[in-house]
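Participant: Chain residues, written in single-letter form:
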Amino acid sequence: MAAMFFMVTMALYFAATVSFLAYLLWPSEALSKASLGMTAFGFAAHTIALVARMVGTADVSPPGFHEALSFFSWMLILVFLAVEFRHRLHVLGSFIVPLALVSLVSAAALPETAPTLSPVFRTLWVHVTLSMLGTVGFAVAFVAGVMYLIQDGLLKSKRFNVLYSKLPALDFLDHLNQQSIVMGFPLLTLGIITGALSAEFSRGSYLSWNPEQTWALVTWVFYFAVLLGRLTVGWRAKRAAYLTIIGFAGVILTLIGVVLKGHGPVS
Amino acid sequence: MDRCLDMHIVVVGLSHKTAPVEIREKLAIPESRMSEALTRLCSYQGVREGILLSTCNRVEVYAVVDEIEGGYGRIQEFLADAHLSLSSEQLTPHLYWHQGDRAISHLFRVASSLDSMIVGESQILGQIKDAFEVALTHKSTGIILNKVVKKAISVAKRVRTETKIAEMAVSVSYAAVELAKKIFSDLSEKTVLLVGAGEMAKLAARHFIASGVRHVRVTTRNPQHGMELADRFGGTAVPFEQFREDMASADIVLVSTGAAHYLVSEDDVQRSVKQRMNRPMFLIDISVPRNIDPAVRHVDNAFLFDIDDLKARVEQNRGGRLLEAEKAEQMVVDEVGIVRQWLQSLEVTPTIMALRTKADEIKRAEVEKTLGRLANLSEPERELVEAMASSIVNKLIHNTMVTLKAEVNSSDGAAFVEAARRFFSLGDAAGSTVNGSAVESNIQSREATTPKAGAKSPDR
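Protein chains in written order, with my numbering: chain A, 8 to 274; chain B, 2 to 461.
Source of the hints: derived by calculation from the structure; they are not laboratory data.
Note that the coordinates shown come from a computational prediction; the quantities given were computed from them, not determined experimentally.
Note that beta-carbon positions come from the ideal geometry of N, C-alpha and C, so glycine has one too.
Watch out, some of these pointers could steer you wrong.
Here's a subset of chain B near chain A, in silico, CB distances under 8 Å, partners left out [what the hints assert, rightly or not]:
| # | residue |
| --- | --- |
| 1 | Lys158 |
| 2 | Arg159 |
| 3 | Thr162 |
| 4 | Glu163 |
| 5 | Lys165 |
| 6 | Ser189 |
| 7 | Pro281 |
| 8 | Asp301 |
| 9 | Ile308 |
| 10 | Lys312 |
Label pairs and their computed distance ranges (CB to CB) [said to hold, decoys possible]:
| # | chain 1 | residue 1 | chain 2 | residue 2 | range |
| --- | --- | --- | --- | --- | --- |
| 11 | B | Gln243 | A | Ser164 | 43 to 53 Å |
| 12 | A | Ser164 | B | Leu87 | 42 to 52 Å |
| 13 | B | Lys328 | A | Ser35 | 47 to 57 Å |
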């Protein structure tokens with residue numbers, strides 16, 4: 008049942024992605040409503056799939072990349088729906104839903120259960136969940152950054168096209184960017200701490216300086232600098248947009264690297 | 002010999018099209034000195050009626066004079082006298098002179114905002130109404146200017162209602178607000194800095210306030226004027242010398258001065274954005290020539306839009322706006338024709354002839370009627386009846402004709418002609434009795450609907 012709902016989710020997100028991208032080009036309310044509807048149904052299907060899987064497997068297997076990415080995708084859509092509900096910002100879907108789709112497709116490409124590395128499943132669950140939530144924050148910041156740069160470019164070049172009219176105000180995007188990092192950063196911090204704890208349990212050392220751990224720390228330092236820079240020397244607006252895009256690219260590259268190297272769960 | 006009233010409508014003045022702001026502001030007549038100026042204007046020999054229009058974009062004298070060339074000279078003298086540091090020679094290159102139809106047409110175009118810096122802005126109409134009220138209070142206008150100015154006001158209203166020209170100005174400031182909303186999601190916490198007091202910028206500032214902006218800072222070269230404006234917008238005045246340093250506190254900078262050079266450089270904006278810790282700035286330059294260096298476009302997080310950008314944005318929303326100005330120009334031409342006909346009717350000779358003709362017609366009709374009934378009168382008796390009729394008619398109109406001829410050159414000449422035409426229902430070529438009353442009722446309805454407070458505050 009979980010697998011079937013998973014497929015349904017993918018199909019709906021795919022349709023929603025196509026529809027949301029079309030919405031960028033044409034000023035049509037019907038298109039945005041259809042896209043939103045498909046996203047909402049996809050989210051419901053995804054939720055059922057996740058619950059069904061949790062119930063079905065009775066929560067013994069540790070989360071692997073598949074689960075992590077699937078959860079990431081689910082969280083992204085949840086955040087999008089929340090923002091959409093509050094701000095009626097349809098165009099955000101044109102950026103977030105494709106990202107969620109990519110994440111979901113990647114999840115589908117990976118085996119469902121990762122090899123068990125550690126008996127300390129519970130810590131690992133907490134670690135993966137927190138890290139993923141942190142990553143969701145950075146993903147939203149990334150999307151806000153991309154939208155910011157597009158809107159900034161349109162305003163600077165005075166191209167008042169359909170996209171211009173749909174994208175929100177610059178300071179809203181900058182604020183969304185900031186908020187996402189403010190939310191994501193503590194979650195990542197906790198994720199890293201729990202990761203270190205679980206590593207201590209499983210390997211006996213908090214920090215082994217393996218590539219994942221190193222990159223996780225680099226990411227943490229990077230976003231810490233981004234936050235600090237905003238508060239002290241005015242790294243906001245365009246610069247913040249660039250930094251969060253670079254930061255998220257780093258996060259994705261780390262993930263890809265870790266997956267390709269066949270290492271264990273993100274730690 | 003043609004006995005006509007020696008009355009000519011003339012306008013002498015300068016505007017943003019002919020004179021730099023340095024000259025305009027020197028000539029501008031403050032509200033407090035308006036009455037003195039009007040009195041002085043009418044004290045010149047040969048000036049029968051006069052009205053002064055003084056705004057930040059134009060200083061114009063409309064007058065009815067005995068003789069065109071002499072009138073031009075006296076008005077120019079009047080303008081030069083108004084400011085001691087300006088000689089008549091310095092003034093001449095900036096002045097324009099129109100008479101007759103062209104003077105009327107000029108007033109109509111000015112009132113309809115066709116001659117404005119921003120075509121379609123509405124303030125000029127209010128300024129003309131104010132100027133007219135002042136002139137009425139000082140009784141400096143007479144039958145001709147009253148009629149022409151009232152007509153100008155009604156033409157302007159017609160242009161506003163029947164063409165979309167007014168939308169243009171409104172949409173330019175609307176476009177500015179709309180652009181601002183793509184930079185700032187919530188305008189209520191934003192600060193607008195108004196630099197200079199161009200009409201368009203003030204209109205835009207008003208739009209920003211209507212859209213929720215609560216903090217307004219104003220700076221103008223003339224500190225007094227800056228304070229007044231700040232009061233009007235419920236904001237604070239900033240000394241003109243300091244506004245560049247103060248710019249960092251403004252999210253939206255509206256610049257519209259008459260300066261012929263850049264007031265705001267790339268460095269100024271770069272510094273402000275830095276002080277603002279990269280918070281975006283929205284700069285709107287409505288000045289022509291521009292007052293913000295276009296190089297500001299290269300500054301990150303600063304968004305500069307000039308009047309052309311705003312207009313392009315408006316055009317994008319709706320095309321075909323030039324047609325509206327053309328329509329308006331045509332209306333002006335038509336209305337000038339109507340006034341011309343009315344003015345022609347004020348000339349004495351045609352009036353006397355019309356009176357003569359009318360009297361003769363009445364006489365002939367009555368004589369024919371009477372003689373028809375008295376069929377058996379002899380020829381001398383018939384002549385006697387006719388003579389009696391002629392004599393009655395002639396005696397009745399004799400005084401009127403004599404008075405008209407006598408008053409031809411008095412300051413009330415036109416009024417006598419108008420009165421004669423009304424008493425003897427001579428009509429006029431334009432049928433101005435109908436049009437005139439329409440204008441009158443228009444004026445009355447305006448006075449009923451315009452609150453006094455709003456009509457005040459002349460614009461410089």
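Participant: Does each hint hold? Answer for all of them.
Facilitator: To see whether the hints hold, each was checked on the structure:
no.: 1; hint: Lys158; verdict: 33 Å, violated
no.: 2; hint: Arg159; verdict: 33 Å, violated
no.: 3; hint: Thr162; verdict: 30 Å, violated
no.: 4; hint: Glu163; verdict: 30 Å, violated
no.: 5; hint: Lys165; verdict: 21 Å, violated
no.: 6; hint: Ser189; verdict: 13 Å, violated
no.: 7; hint: Pro281; verdict: 6 Å, holds
no.: 8; hint: Asp301; verdict: 5 Å, holds
no.: 9; hint: Ile308; verdict: 13 Å, violated
no.: 10; hint: Lys312; verdict: 12 Å, violated
no.: 11; hint: B:Gln243 / A:Ser164: 43 to 53 Å; verdict: 33 Å, violated
no.: 12; hint: A:Ser164 / B:Leu87: 42 to 52 Å; verdict: 46 Å, holds
no.: 13; hint: B:Lys328 / A:Ser35: 47 to 57 Å; verdict: 35 Å, violated
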